[in-house]
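> Residues per chain are reported as follows:
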Amino acid sequence: MAFVALGQGSAGNSSAPKKASRVAFILLAPGMIYLGLFFLTPLVSLVITSLKTASFTGEIGMYDYGFQVSNYAYALDQYLPQITRSFIYALIATLMALLISYPIAYFIGVKARNKPILQAFLLTLVIAPFFISFLLRTFAWKQIFSNESPATQFLQSIGVLAPDQYVIGSSFAVIAGLTYNFIPFMTLPIYTSLERLDTRLVEAGADLYATPVQTFWKVTFPLSLPGVISGTLLTFIPISGDYVSASRDFLGGSDTAMIGNVVEANFFRIQDYPTASALSVMLMAAIVVLVSVYVRKSGTEELL
Amino acid sequence: MATEFVARGQDLELVGIHKEFPGFTAIENLDLKIPAGEFFALLGPSGCGKTTTLRIVAGLEEATRGKVLIGGKDVTASKPHERPVNTVFQSYALFPHMSVLENVAFGLRQRKVSDPLAKATEALQLVELEHLALRKPQQLSGGQQQRVALARALVNRPALLLLDEPLGALDLKLRRQMQVELKAIQMEVGLTFLHVTHDQEEAMDMADTVAVMNKGEIEQMGAPEALYDRPKTAFVARFLGQSNIFVGDVVEENDHSISISCNGQRIAAPKKRSEKHSGKVALGVRPEKATFHADKPDLDSNHNLVGPGEIIDIRFTGVSNQYLIDVPGFGDITVFAQNVGKSPVVELGAHVWVSWKVEHAFGLSDLPLKADNDEA
Chain A
327 MAFVALGQGS AGNSSAPKKA SRVAFILLAP GMIYLGLFFL TPLVSLVITS LKTASFTGEI
387 GMYDYGFQVS NYAYALDQYL PQITRSFIYA LIATLMALLI SYPIAYFIGV KARNKPILQA
447 FLLTLVIAPF FISFLLRTFA WKQIFSNESP ATQFLQSIGV LAPDQYVIGS SFAVIAGLTY
507 NFIPFMTLPI YTSLERLDTR LVEAGADLYA TPVQTFWKVT FPLSLPGVIS GTLLTFIPIS
567 GDYVSASRDF LGGSDTAMIG NVVEANFFRI QDYPTASALS VMLMAAIVVL VSVYVRKSGT
627 EELL
Chain B
156 MATEFVARGQ DLELVGIHKE FPGFTAIENL DLKIPAGEFF ALLGPSGCGK TTTLRIVAGL
216 EEATRGKVLI GGKDVTASKP HERPVNTVFQ SYALFPHMSV LENVAFGLRQ RKVSDPLAKA
276 TEALQLVELE HLALRKPQQL SGGQQQRVAL ARALVNRPAL LLLDEPLGAL DLKLRRQMQV
336 ELKAIQMEVG LTFLHVTHDQ EEAMDMADTV AVMNKGEIEQ MGAPEALYDR PKTAFVARFL
396 GQSNIFVGDV VEENDHSISI SCNGQRIAAP KKRSEKHSGK VALGVRPEKA TFHADKPDLD
456 SNHNLVGPGE IIDIRFTGVS NQYLIDVPGF GDITVFAQNV GKSPVVELGA HVWVSWKVEH
516 AFGLSDLPLK ADNDEA
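For the protein sequence lines, the chains are A and B, in the order given. If you read the first sequence in the numbering used here, its first letter stands for residue 327, the second for the next number, and so on. If you read the second sequence in the numbering used here, its first letter stands for residue 156, the second for the next number, and so on.
Honestly, the hints are just simulated from the structure, not real lab data. Warning: the hint list may mix true and false statements.
[Claimed, not checked] Pulled a few chain B residues facing chain A out of the computed Cβ check, cut under 7 Å:
| no. | residue |
| --- | --- |
| 1 | Pro235 |
| 2 | Ala248 |
| 3 | Phe261 |
| 4 | Gly262 |
| 5 | Gln265 |
[Unchecked claim] Straight-line C-alpha distance at most 25 Å; calculated PhoX-like pairs for lysine-lysine:
| no. | chain 1 | residue 1 | chain 2 | residue 2 |
| --- | --- | --- | --- | --- |
| 6 | A | Lys544 | B | Lys291 |
| 7 | A | Lys544 | B | Lys234 |
| 8 | B | Lys274 | A | Lys544 |
| 9 | B | Lys234 | B | Lys222 |
| 10 | B | Lys338 | B | Lys328 |
| 11 | B | Lys291 | A | Lys623 |
| 12 | B | Lys234 | A | Lys437 |
| 13 | B | Lys427 | B | Lys387 |
| 14 | B | Lys267 | A | Lys544 |
Glycine included, each C-beta is placed from N, C-alpha and C at the ideal position.
Start from the sequences and build out the full structure, keeping to the hints where you can.
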């Protein structure tokens, strides 16, 4: 979008196109240099690492430059369950976050529109979790639902959990934690869309024989779609790579590991850098493919 | 039932409508009956309650008290989507994510009318926009959007079509063109139109009946000609066209006329055109009914004559010249003279006499407020 705006700006100002483009270049340069240094360099380094071969000396953690494409096949073969799990968890957590966030965003953006104090208060509540590190918050949940905690004992006593079943370590706990951590990223973009919603269009829907529910699906929801798309992207992408919630140090267990956990383990514990890098590159590629298909399908290319 | 497809317009009846907003009363005990098939204009300044009235009819606003009947059926408790009413909104309120055609077909689809796209295309033909059917609303000009909004409402053949200042955003030329088209369409489809506007020319030009609304109440209602010819209150006299209004005590009353004395000069009005016959009375005359003379003319008792006064302003408006004449004791009198080639040769500062026929004068039921004077 920024590029579109820039393009229109220089097109409209045709009397001094050279000057305008030079100004644009100067303004863009710091960002470009920053991206070049801190995004492109590590990326290239990552790809190079992912193709390295085991060291000639056989020392652990030492690798030689090479072009070993089989690293990818190995990583895929070894960690397919974790890769699949990552995307399933991310999908479920994104949908959960959407279901929880939409009504909140609708209330703040539409219903509380004429009550600025209430609106500001509710928005603060949405952002409030950011005031505390998400590591601490996730750890707090681990404490609340730890195996000996009153909450877990209560769930066991009413039969929701079997006596030998626990909350922490389950897929449920990981997905709930992921959902919880990313709700603000879903709520805020949807709020921004709904806040701009022209309520006269909702009146027009009612005037044209649509019930409130029909008006919601035919008018309100389609018009909030840009917010829904950016919200789902802002949650799905980081959730796919998240390694905190699923970690055994936090809410996860032995069979909840996601790609992030595998990458972490390969880098820091096994010191298998090529496999970890190959997994990272594949995660990135998979997200790029999934996101472009999603955005294309939802007909909101202008977001990219 | 809203799903009923009515071929003809139905009548609208408002009974004792009262609307309170926190802090003020928008509508006070409004009674109104609009016969089926009529083009009815609700005319008034902004904030007079006319748009609130329209929203109450559409069901978008709930009346504090009172009943809304459409075609004899009480719809007071009905939700907007259940009412056989469609609105052309001031902002058009076209759905930006749908094509023009889908916008027009929206109401038809909701009511599961067969072949909605063909009917929507027909409606677009009526407003001469079928060639833009697949565009998005924001790709259209203001006038085109207005016509889409009209087609979107008309295609449903509502018992009652509500128009909320839909021409307000258009420029003068387009507005005149749309007025003609709207009127033609109304005659063609035979629907009942309730048109809310603050443009008095628009109301008089299009409506069969005009109701002038002020401060939440209808001051006067009738055919445009009747309303213009004989306004009954100072507000109507000044809001619907311009008026010269003179206030004085009644000094003579006979079978045909009443006369007031205004700074020693007498002004008469026919008795049957006067609301009040005694005490302090306001008489008025339209600026185009008055003429002025360079010398004091010799006129019979069928004329009112005041003067002499000084011409303090001359405005050329194309079809006529507007003269503002300051007559001591009367205030400023406005006189319109048609530009037909023999307009009196006068210039700023000239001293003239103003006269008009007694039969053109009208007597008001109330006295003009200071604020009304400033408006004129």
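> Against each hint, give a clear statement of whether it holds in the structure.
Hints versus structure:
1. Pro235: Holds - the Cβ of proline 235/B comes within 7 Å of chain A, reaching about 4 Å at its closest.
2. Ala248: Holds, because the Cβ-Cβ distance from alanine 248/B to chain A comes to roughly 4 Å (cut-off 7 Å).
3. Phe261: holds, 5 Å
4. Gly262: holds, 4 Å
5. Gln265: For glutamine 265/B, the interface hint holds, since the closest Cβ of chain A sits about 4 Å away, which is under 7 Å.
6. Lys544/A to Lys291/B: The given pair, whose Cα atoms are some 16 Å apart, holds under the 25 Å limit.
7. Lys544/A to Lys234/B: Holds, because 18 Å separates the two Cα atoms, which is no more than 25 Å.
8. Lys274/B to Lys544/A: holds, 20 Å
9. Lys234/B to Lys222/B: holds, 14 Å
10. Lys338/B to Lys328/B: holds, 16 Å
11. Lys291/B to Lys623/A: holds, 20 Å
12. Lys234/B to Lys437/A: holds, 19 Å
13. Lys427/B to Lys387/B: holds, 12 Å
14. Lys267/B to Lys544/A: Distance of about 15 Å is within 25 Å: holds.
The structure agrees with every numbered hint stated previously.
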